[in-house]
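Using the supplied hints, reconstruct the complex from the two chains, each of which is provided in its own coordinate frame.
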Amino acid sequence: MGERDDPAGDRSVAAMPEGLWTQPPVEVPELDMEQVRRVTEPATLVYTYTPGLAQTRFLRGLQEGRILGERAEGATDVYVTGRGMDPVLGRATTESVEVGPNATVTAFCVVHIGFGEKAPPTPFVSALIRPDGAAVSLYGTVLGIPYDEVRIGMRVRPVWLPESERSATFECITHWEPIDEPDVPAEELKGHM
Amino acid sequence: MRDVAIVSVAQTDHVRAEPRRNEVEMVQPVIQAALERIGAQISDIGFTCSGSSDYLAGQAFSFVMTLDAVGAWPPIAESHVEMDGAWALYEAWVKIQARQADTALVYGYSKSSPGDLPRVLTRQLDPYYYAPLWPDSVAMAALQARAMLDSGAITETEMAEIAHRSRTAAESNPHAQLKGSPPPEELLAGDYVAEPLRRHDCPPITDGGVAVVLAAGDRARQWADRPAWITGIDHRVDSHNFGARDLTRAPSVAIAARNAGVGYGAVEVAELCAPFTHQEKILRTELSLDDDVVVNPSGGALAANPIMGAGLIRLGEVAQRIMSGEVRRGLAHATSGQLLQQNLVAVLEGDS
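Chains as they are written, first to last, in our numbering: chain A, -2 to 190; chain B, 174 to 525.
Chain B on its own, in the form it takes in the complex (with noise of 0.2 Å):
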């Protein structure tokens, strides 16, 4: 295996709507901003990978106009998926992987400002049994959430306590949406959006981007002084079909940590993207995390949540935190899909 890190990031600082720029006009400087912070240009990348969905925006082709501000010209190699950026990521340490470039630039992005993202998201489902209903997403983490209430793998008030902490660790994050949040007990006493989901259990609707570039070897010890190293990786899915799944687990969490080596050392941070409250303590279940592990530091999905650049931010900010020294050894997540459907997880680790 190839030592491949991340080695630059940058996202933009998140809204509820952008609207004046247009996708390529937000999510360039952040582009402009992950290259320019290792002084590195487009000609030193050698493969570019994107994230990004058409149906967030209703704009056809979104991310061949995006690659507008990647400057691809002469032709550059470039893919793109329809999910999280995490994914996009994977797909380039794979390509580094595979000995088919040395650095690659990955960014995930959206706007979902100009639909309705409830409804949006009901595409995303099987469409044969599950999308002609219109559930929207909000309704079905709801489905979940009870799910956990009634096993008793959660409470209401730890939902709350969940929302308080993120926002709270949201303050210090500059680029988050959500800052800040009355205490649980003032938050229980809110009304159900869709019982027993309350406003504070539900993410933001968020439009921003991210960008990261991943680089080998000596290339990564060139462009960063501390290059976050990605010691493991793997993504895994549990089913679709919602219906037979028990939906306070999520067993392809806990198989993919498996896979990218959590165990194999302390956990000093830990990135989780649980766009709801309850999701947060089935990540933590799956991933058997220690109490003494600080969790969602940037304030999580709960304080931003650009579909399809939550999760790759998840793996930014801890690689933002082991390139700046603060921690050794760190845990990332992303999730794209539905109640945790899809499920990515990164350990990095920065060089002791």
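Next up, chain A with everything else stripped away, as it sits in the complex (with noise of 0.2 Å):
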């Protein structure tokens, strides 16, 4: 049921094509009285996250506009991000290391509809990014060229908040956007797409 249909109208599914996400009509059975269809059980668990040691490092390499990675000792893979572990050795990853700038887009997306307020005007890519030197890709969205131009192993540096905006978070990297290189071949991004 979508929010066209749905009487208390608190589905913030509005954005959703008709028919996409449906559910058939609930059955009741017949009772002497006024059915209860809906209950609303507001519920609300503040939190004070701690990104942790690693995460830590992320955040604030990216406030100075440095992306940096992990990498556990005598391990060649480096993390980005990095959340304190290498997952194939299961060991802490104990040194840190600046990766990129410019990166690889790995995989991506075509965006029609654009979910949240930051979102961009669709179309638009969401991309998976290898930054140089490390093992795993990023998420970002790619601007600064037609949606249908993006392919994989296509060159891209981060477009970065300027630095009296930035604070420790992932939105420091606003999007990524082309540099001029020739593209990646697809099977030197073997084992890393």
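In short, the hints are calculated from the structure, not lab data. Be careful, since some hints might not be right.
Stated by the list, open to error - Listed below are several chain B residues computed to face chain A (Cβ distance under 10 Å; list not exhaustive): (1) L208; (2) K284; (3) D289.
The C-beta atom is built at its ideal place from N, Cα and C for all residues, glycine as well.
Encoded structure:
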């Protein structure tokens, strides 16, 4: 049931095309009283989020305009964003390694329905973007190029918020834009896509 | 039935708040230590199971992130329960009994510090008639304590003595969060938090975790000189409708104990997961423990209470006492949910 036929109107799925998220009507037995059809129970829990050691290093790096990955002792793979672990080895990452800023698109999709207030005008491209030197890709949007010209292997660079507006959040990188370098052949991206 | 044993245990030093590390950074050293103590690697483990809850740290897919600490590549057989890690151990035990695995890594952990724990715990109550009222976990426990006091099942002095005994015992537990206690008469002079519960009747709020390795048969003997064999294990649940329960009792504990074969031999040590003082009395009664049984030499959940870990820690504490040769047969109890709603009882034994 979408918002259009939702009497309480409190489900924000209006952006979805008609028919995409639907459920069959609920069959209710005959009762000698008005049916209770909906109960709203507000629930709010407030948390103080602890990013941890590795993510703190990553977020502080972004504030300084640097992309910092993490590497376990003796390992080769650099993880970004790091959560403090090499997930393949199951060992703590102890070394901070700067990666990028230039990067390669390893996968992308064209978004036709944007969610959230900060979504760019549609259609736009969401992509996985591997900073040079990193083993894994970050999530970001690719702007500054028509959406239908984005391709896997395309070279991009981050576009940063002005330094005065940056805080320790992933939003320091507003989006990624193309740079004038030849595409990376797909075979070189093997294992990173 | 296959012979299955706990062969390795590691736990964090439990703290009120772990402000620097995230959950995976907190629990990884414990997982690593549990494996290293027996010279094992994740490739030696047939099944991995964890117990945790996203609600505690407000961290979506917390358990998926924590898997980074395991080294889940190449892909491993893995599962998770939104319950105390003792139930993850039960799942692993069943997996081994079913010959789907010979070894298992089990862990339970939580960071409760990021949220308001007594409020967060209301979210595990019946969503229609209890959760909407937001009855905090201390108030809920106080209802149970009141029922016990009014029925004569316990006195406030007994409750203070349990708190004192537990936290005094915790002085010899290097991992405990609360160690030492004023004498009972001093505790009884304190103010009520939620009458009839005083501060000492309540568990601490804890960030921490525990990891355990299970192994079957010869693999267990290979990994441990004296494996802590799980000779009986069962879990049962009392009604989620607290109004329908006699809160002074927890019949599910007695049933689980009978099915686990607690009565087949003498119990030398019992680690009981009783977050509130009066709950220890309920457990002792349901388990029919003799007075000479050493109860909670670790300090129990009153000394450190990482939600989703405190029950598995009880199994680990008994196992360590068996592996060290200190005792031959012990009982471990875990609880999940509020007011001793869900209960697991295990009997652990060493080779004589």
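Hint numbers not upheld by this structure, sorted from lowest to highest: none
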